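Chemist: Sequence:
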Amino acid sequence: MKTRLLVKEGEYRLAKAFCMDAKIDAEELFCFVTGMDKVGVFLRANEEVDEETEKKYLDLIARRAERIPLQHITGTQDFMGHTFKVDPNVLIPRQDTETLVEEVARTIQQTPKEKPGFIQRLRGAAEWEVLDLCCGSGAIGISLAKICSNIKVTASDISAEAIAVATENAALLRAKVKFVEGDMFEPHSGKKFDMIVSNPPYIRTAMISILQEEVKEHEPLKALDGGRDGLDFYRTIVAKAADHLNPDGFLMLEIGHDQGEDLRKMLKDDGRYTPAEVIKDLPGKDRVVKCRLK
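First residue of the sequence shown? That's 16 in this note's numbering, and the numbers climb one at a time after it.
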């Protein structure tokens with residue numbers, strides 16, 4: 016079968032299985048099997064595909080038609096210009112989260128901070144101590160370590176399997192990040208940071224059942240479920256982050272599109288933080304809450 020016809024057949028089978036972005040996924044899987052890029056696929060559209068490649072491709076199409084996420088088939092997801100390893104033990108990094116990383120990096124780059132002295136520089140002292148809480152695949156912390164040269168990143172997660180994936184990603188991307196296994200702030204007793212960032216679980220429990228099959232059946236539930244109102248993890252973070260922030264330290268959190276006012280009120284009621292700024296993502300939805308310790 017010719018390349019263009021085979022990819023079209025893949026698209027048809029995915030569309031029939033109600034997969035979103037059937038055309039894109041059919042092309043991505045063909046590129047994955049053959050090692051081509053999309054330009055190569057276009058240029059070879061009328062070339063015949065050998066039987067072995069055709070079988071491998073259609074086998075992957077069949078897996079995707081079972082609503083297994085594309086990223087679990089290829090084993091990777093691009094985020095902030097880097098390719099991260101992913102598997103069912105970690106949440107697949109979303110483009111939405113790039114808004115958080117970009118805002119954190121911008122804040123670090125634009126906020127004046129007293130530079131360490133000569134001796135501290137020799138010892139490798141970092142200007143910013145950053146904690147990536149609920150790190151999952153490590154996408155946030157690793158991306159920050161790649162973007163900013165003046166930070167020291169610690170990342171933690173309750174899942175040992177997630178920490179293993181994140182550690183491998185850091186090694187593959189040559190990013191210096193310290194990973195710690197533990198529940199929320201427990202492994203950071205007595206430690207303070209200049210900034211705490213997090214993309215915690217924030218889906219309402221009742222909403223889990225109506226998520227796409229790719230999400231609810233194949234991504235870790237504990238990385239999705241934020242409790243009855245989706246705010247359980249934020250309550251813990253707001254209550255405990257202040258004890259782990261240096262004076263004027265930043266707290267920056269990814270939120271669901273309808274949680275901005277809830278977080279703004281929660282931070283105000285706590286009384287230890289500056290008025291929260293709610294930052295929108297590219298589609299114009301609330302995506303990041305940013306404040307400082309008073």
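Think of the hints as simulated: they come from the structure by calculation, not from any bench.
All figures in this text were calculated on a predicted structure; none of them were measured in a lab.
Certain hints may be false.
To be verified - Derived lysine to any residue pairs resembling SDA-like cross-links, with alpha carbons at most 25 Å apart: (1) K193 / E144; (2) K17 / H97; (3) K17 / I39; (4) K231 / T114; (5) K255 / L297; (6) K207 / E118; (7) K237 / P262; (8) K161 / A190; (9) K71 / T114; (10) K207 / I223; (11) K100 / P127.
As the list claims (entries may be wrong) - For each label pair, taking beta carbons as the anchor points, the in silico distance ranges come out as: (12) A186 / S164: 54 to 60 Å; (13) I39 / R243: 34 to 40 Å; (14) M222 / I173: 20 to 26 Å.
The beta carbon of each residue, even a glycine, is placed where N, CA and C say it ideally should be.
Chemist: Mind listing which of the numbered hints don't hold for this structure, in increasing order?
Modeler: Violated: hints 2, 5, 7, 9, 10, 11 and 12.
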